[in-house]
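> This is what each chain is made of:
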Amino acid sequence: MIKAVMVINTQGKPRLAKFFEYLPLEKQQELIRNVFGVLCSRPENVSNFVEAESIFGPDSRLVYKHFATLYVIFVFDSSENELAMLDLIQVLVETLDRCFKNVCELDIVFNYSKIHTILDDIICGGQVLETRSTEIMRAVEEISKLEAAPNAITLIPKSSSGWLSR
Amino acid sequence: MGSQGGFYQSKEFLDLVKSIGEARSKAEEDRIVLGEIDTLKRRISEPDIPKRKMKEYIIRLVYVEMLGHDASFGYIHAVKMTHDDSLLVKRTGYLAVTLFLNEDHDLIILIVNTIQKDLKSDNYLVVCAALNAVCKLINEETIPAVLPQVVELLAHPKEAVRKKAIMGFHRFYQKSPSSVSHLVSNFRKRLCDNDPGVMGATLCPLFDLITIDVNSYKDLVISFVSILKQVAERRLPKAYDYHQMPAPFIQIKLLKILALLGSGDKQASENMYTVVGDIFRKCDSSSNIGNAVLYECICCVSSIYPNPKLLESAADAISRFLKSDSHNLRYMGIDALGRLIKISPEIAEQHQLAVIDCLEDPDDTLKRKTFELLYKMTKPTNVEVIVDRMIDYMISINDNHYKTEIASRCVELAEQFAPSNQWFIQTMNKVFEHAGDLVNIKVAHNLMRLIAEGFGEDDDTADSQLRSSAVDSYLHILSEPKLPSVFLQVICWVLGEYGTADGKYSASFITGKLCDVAEAYSNDDTVKAYAVTALMKIYAFEITAGRKVDMLPECQSLMEEFLASHSTDLQQRAYELQAVIGLDAHAVESIMPSDASCEDIEVDKALSFLNDYIQDSIEKGAQPYIPESERSGMLNISKFRNQDHHEASSHGLRFEAYELPKQTVQSRIPPASLASTELVPVPEPMYVSESYPTTTVSSASSDAGSTELKLRLDGVQKKWGRQTHSPATSTSSTTSQKTVNGITQVDGSNTSNSRTRETYESRKQQVEITPEKQKLAASLFGGSSKTEKKPATGHKISKSSSYMVEKSHVPKSSMEIASEKKAPIQQPPDLLDFGEPTVQSNAPSVDPFKELEGLLEPTTEVASAKNHSSTAAATKSPDIMGLYTETPAGIHNKDDGDILSGLSNPPGTHMLGGTTRTQVAQSSKGPNLKDSLQKDALVRQMGVTPSSPNPILFKDLLG
Chain A
1 MIKAVMVINT QGKPRLAKFF EYLPLEKQQE LIRNVFGVLC SRPENVSNFV EAESIFGPDS
61 RLVYKHFATL YVIFVFDSSE NELAMLDLIQ VLVETLDRCF KNVCELDIVF NYSKIHTILD
121 DIICGGQVLE TRSTEIMRAV EEISKLEAAP NAITLIPKSS SGWLSR
Chain B
1 MGSQGGFYQS KEFLDLVKSI GEARSKAEED RIVLGEIDTL KRRISEPDIP KRKMKEYIIR
61 LVYVEMLGHD ASFGYIHAVK MTHDDSLLVK RTGYLAVTLF LNEDHDLIIL IVNTIQKDLK
121 SDNYLVVCAA LNAVCKLINE ETIPAVLPQV VELLAHPKEA VRKKAIMGFH RFYQKSPSSV
181 SHLVSNFRKR LCDNDPGVMG ATLCPLFDLI TIDVNSYKDL VISFVSILKQ VAERRLPKAY
241 DYHQMPAPFI QIKLLKILAL LGSGDKQASE NMYTVVGDIF RKCDSSSNIG NAVLYECICC
301 VSSIYPNPKL LESAADAISR FLKSDSHNLR YMGIDALGRL IKISPEIAEQ HQLAVIDCLE
361 DPDDTLKRKT FELLYKMTKP TNVEVIVDRM IDYMISINDN HYKTEIASRC VELAEQFAPS
421 NQWFIQTMNK VFEHAGDLVN IKVAHNLMRL IAEGFGEDDD TADSQLRSSA VDSYLHILSE
481 PKLPSVFLQV ICWVLGEYGT ADGKYSASFI TGKLCDVAEA YSNDDTVKAY AVTALMKIYA
541 FEITAGRKVD MLPECQSLME EFLASHSTDL QQRAYELQAV IGLDAHAVES IMPSDASCED
601 IEVDKALSFL NDYIQDSIEK GAQPYIPESE RSGMLNISKF RNQDHHEASS HGLRFEAYEL
661 PKQTVQSRIP PASLASTELV PVPEPMYVSE SYPTTTVSSA SSDAGSTELK LRLDGVQKKW
721 GRQTHSPATS TSSTTSQKTV NGITQVDGSN TSNSRTRETY ESRKQQVEIT PEKQKLAASL
781 FGGSSKTEKK PATGHKISKS SSYMVEKSHV PKSSMEIASE KKAPIQQPPD LLDFGEPTVQ
841 SNAPSVDPFK ELEGLLEPTT EVASAKNHSS TAAATKSPDI MGLYTETPAG IHNKDDGDIL
901 SGLSNPPGTH MLGGTTRTQV AQSSKGPNLK DSLQKDALVR QMGVTPSSPN PILFKDLLG
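Protein sequence lines correspond, in order, to chains A and B. Take 1 as the starting number for the first sequence in full-length UniProt numbering and just add one per residue. Take 1 as the starting number for the second sequence in full-length UniProt numbering and just add one per residue.
Derived from the structure by calculation, the hints contain no laboratory data. There could be a bad hint or two in this list.
[What the hints assert, rightly or not] Which residues of chain B face chain A? A partial, calculated answer using Cβ under 7 Å:
(1) Leu88
(2) Ala201
(3) Tyr331
(4) Asp363
(5) Leu366
(6) His401
[What the hints assert, rightly or not] As a list, the in silico EDC-like pairs of lysine to aspartate or glutamate whose alpha-carbon atoms are at most 20 Å apart:
(7) Lys367/B with Glu44/A
(8) Lys26/B with Glu26/A
(9) Lys238/B with Glu135/A
(10) Lys145/A with Asp122/B
(11) Lys13/A with Glu22/B
(12) Lys367/B with Glu53/A
(13) Lys367/B with Glu51/A
(14) Lys367/B with Asp59/A
(15) Lys189/B with Asp208/B
(16) Lys27/A with Asp30/B
(17) Lys18/B with Glu105/A
Keep in mind the model is a prediction, meaning the values are calculated, not measured. C-beta atoms are modelled at their ideal positions from N, C-alpha and C, and glycine is treated no differently.
Using the sequences and the hints, build the whole thing.
Written out as structure tokens, the structure is:
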């Protein structure tokens, strides 16, 4: 299962952190710091995998990808495939890119809850749930539409149409 | 920016983010955040906050907490938001609580009711939000409260809801398998869901279930194979394609499952050969995801019953990985090689140069993976080279965790394969010297024991040679300035025991050295204690041998110091030394016999030698001793405590509504029987688990009987007194002050970057292989054609250490399991496979009767399955639904019941679609590639590679 998803910028500031097993706040911060410490000391042109057992305990691997000013990091155990996780990062980023038309660091900061919505659609309870970015997009747009509607704040619509009903 | 539409955020929040982004130091950032916390604390408790504002405050709290500051004052507001009627507010509330709270938090009890209500909502978005919370926040105690609803949602019309429900249900299973064990069959049902996405999600829990118990899912092998076949043949809707691969994530999960099911099972494996071979051929090795699938194929092939043809394809794929320029692929190649050499050790030879390249690569991850591979392929012929390399690497790194690991591996390899005693001792010395404090103390004890007991054979001269060479090397090493404590303990012990044994060194020389050690490491009491005891041994041996003992002056002063030491242990040892020196030779010999460290000491536990003394005392009128357990008073207390504990544990939480109050007269008349029916916690008896309700009922009824008329407060108090009621953790926000100075570290990495790249390039330039490397290759791989097996030699020195004894248990137990399994399931010929945890874990839970059934069933089922698989491969793929009717014969009747693609396409058209779709896919490849290249270039500036949907590709699907 996937243990954590993090987005850290190249300055070491966390931009998104989601742990699928509960960890106390201090521990989360410590992990983020440690991960950043490892990542920023890695040279370029090396693999995207890092031995993470010293940070996250036994049976844990870490895959990261470096985009412009951000590191996207997935931590998971041996029941997942490293290369596939690398592509899951790609799925996440592709989705963000569609969502925000050329995603950049600021988009992630300013749309904090939207990113979480997207992540909740991709990963649920530490398991990969959905990998089609078109599908995720449709779900997110559905919610956006509801939230943009003037009366959305006061009522739950009886039933929402469109999404997924063929 | 238009893209932010819908997710409302105020200017205040933007300013906050901006100012944090511009903060120059951690302290400045902390100050800004603390200010923000103050503002939020004040604002959030104001009355009548508009909902939109409240939502934003909560988001800001989440953000503040991500930065590492405590926001617990706002948790209750997040909980309140989940109760809200508005979808938007509710969703935000759920998001916040899943991030803030853990499953044992006190506030959870306030959310469970809302979750229950929301799971029944008409709006599926509400249901989805509630299910997200279920995945994160429900613990063992609260599972019964939501279980019925979640199970119901498994059949919800929306696929998104079904998927989340499966995940929630899976989570329950992970948390408490016993509470949902009777519903596990639901996962099997969902496997034949109409929607491939739901089917794919079901594979996650099934993978876990199969990992735990392989045997009860053997019947699904054929279904999995046929699903995989359909996926690989592109029968899923095009939307599932990812980078031109058909549903690769589903393929990977399926291959993982097949690897588990086929492990050590020839018949099941035979069903898989065709489809795995197909995937090998079809996989596109130019894309990352294609390689991920290929890698999974290799893992599958190396796990299932070996097939020469597949092994060949796997070896080909590995060599492609290893020859690649990408570090990722080489990493995967090394990993895959490590799996495959268990089955066919000879393939390592052809990749020797690639492996050595990886060993010298600047990438640390790759290097470590390669060491793991070397560890796996160590043999007596190459152990010296490999361990030397490992030690060199161990010396070069600073990461203590990995240093420990590699040190323990060195020790393990040295113990197993040591070519000579000399080498063994030298190797251990090196390990201790460089990683002494990280090595488990057990390893040191093993080393001492090895030296004491010798290497097995009854050859006494070899043993004494070993010891004197150890003494020699230790005396040499003692001149080094700083040695780890553990190593010094070993040295002291060996010098004390064997320092003077061969007569090469005089007692005064050895004692002088020992005194030096005790003085040099004067702040380490353990080392000093070892040194004193070693001194005592040497003097004792001298006295026994009839020589006169002269204590060195420095030794005497040391003793005086220890006699007055604060450490009672040291003091006692010093006094003992003094006492021993004063005794005559005969007494000393029985106290400190020479070379007797391996003799067992018999302890008279009953203290029988005191019997006379006791007899005397009793005759003189003393009280006889009464054992503690028979003494009065103690008994009652422990009993009482037991009862108390039992009562506490039987009070579960109730989640259903309380019944309407009845008239007092009525409740008083029927005593126990009514109360017991009232208190059954779960309304539907269908979902009642076996153990839980019965205990509640019995304790409730006895309760009711004894305390009929009193106020029943005891239960209430217990409920809140449980351990889950943790004290509120108020953490000061100033604790995390450790700053990571990003700028300087980045600088450092830049310089190291260029340096490593330089060396890397210079290495690349010399294309011809250096003779050194070839030599290394020869020493590593040269003997590999002899195919010696690791466990066979593992028993070589099993006598010598308990560590080894533990190891030798492993193959034994796995052999037992293998023999239990018997006829239909054949173990692969490979002995190295015994480490597989899957085989071991399920064995103990096997019911002997079930096992008998299992022996009968598979033979018939598998036989028919075998027939079927050959036909399936030749004709069309079978219907997945049909497989659940338990009669595999039924499958043949349905000609092309392709459920997966059939239901997602309009019925009737899919027969045509199957042929035309592939054509379109091929013809559209040209323009598609060009398009995507352009887009690639455009967006690469952002560091993102998109793959937007191609409208041409979808046309034929919808048509």
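> Now, for every hint given, state plainly whether the structure supports it.
Hints, one by one, checked against the model:
1. Leu88: 5 Å, holds
2. Ala201: 6 Å, holds
3. Tyr331: 5 Å, holds
4. Asp363: Since chain A brings a Cβ to about 4 Å from aspartate 363/B, closer than 7 Å, the hint holds.
5. Leu366: At 6 Å from the nearest chain A Cβ, leucine 366/B passes the 7 Å test, so the hint holds.
6. His401: 3 Å, holds
7. Lys367/B with Glu44/A: 16 Å, holds
8. Lys26/B with Glu26/A: Holds - the C-alpha atoms of glutamate 26/A and lysine 26/B are around 16 Å apart, at most 20 Å.
9. Lys238/B with Glu135/A: 12 Å, holds
10. Lys145/A with Asp122/B: 18 Å, holds
11. Lys13/A with Glu22/B: 11 Å, holds
12. Lys367/B with Glu53/A: 15 Å, holds
13. Lys367/B with Glu51/A: 11 Å, holds
14. Lys367/B with Asp59/A: With a Cα-Cα distance of about 18 Å, the restraint between lysine 367/B and aspartate 59/A holds, given a limit of 20 Å.
15. Lys189/B with Asp208/B: 16 Å, holds
16. Lys27/A with Asp30/B: Distance ~18 Å between lysine 27/A and aspartate 30/B Cα, so the pair holds.
17. Lys18/B with Glu105/A: 12 Å, holds
The structure agrees with every numbered hint stated previously.
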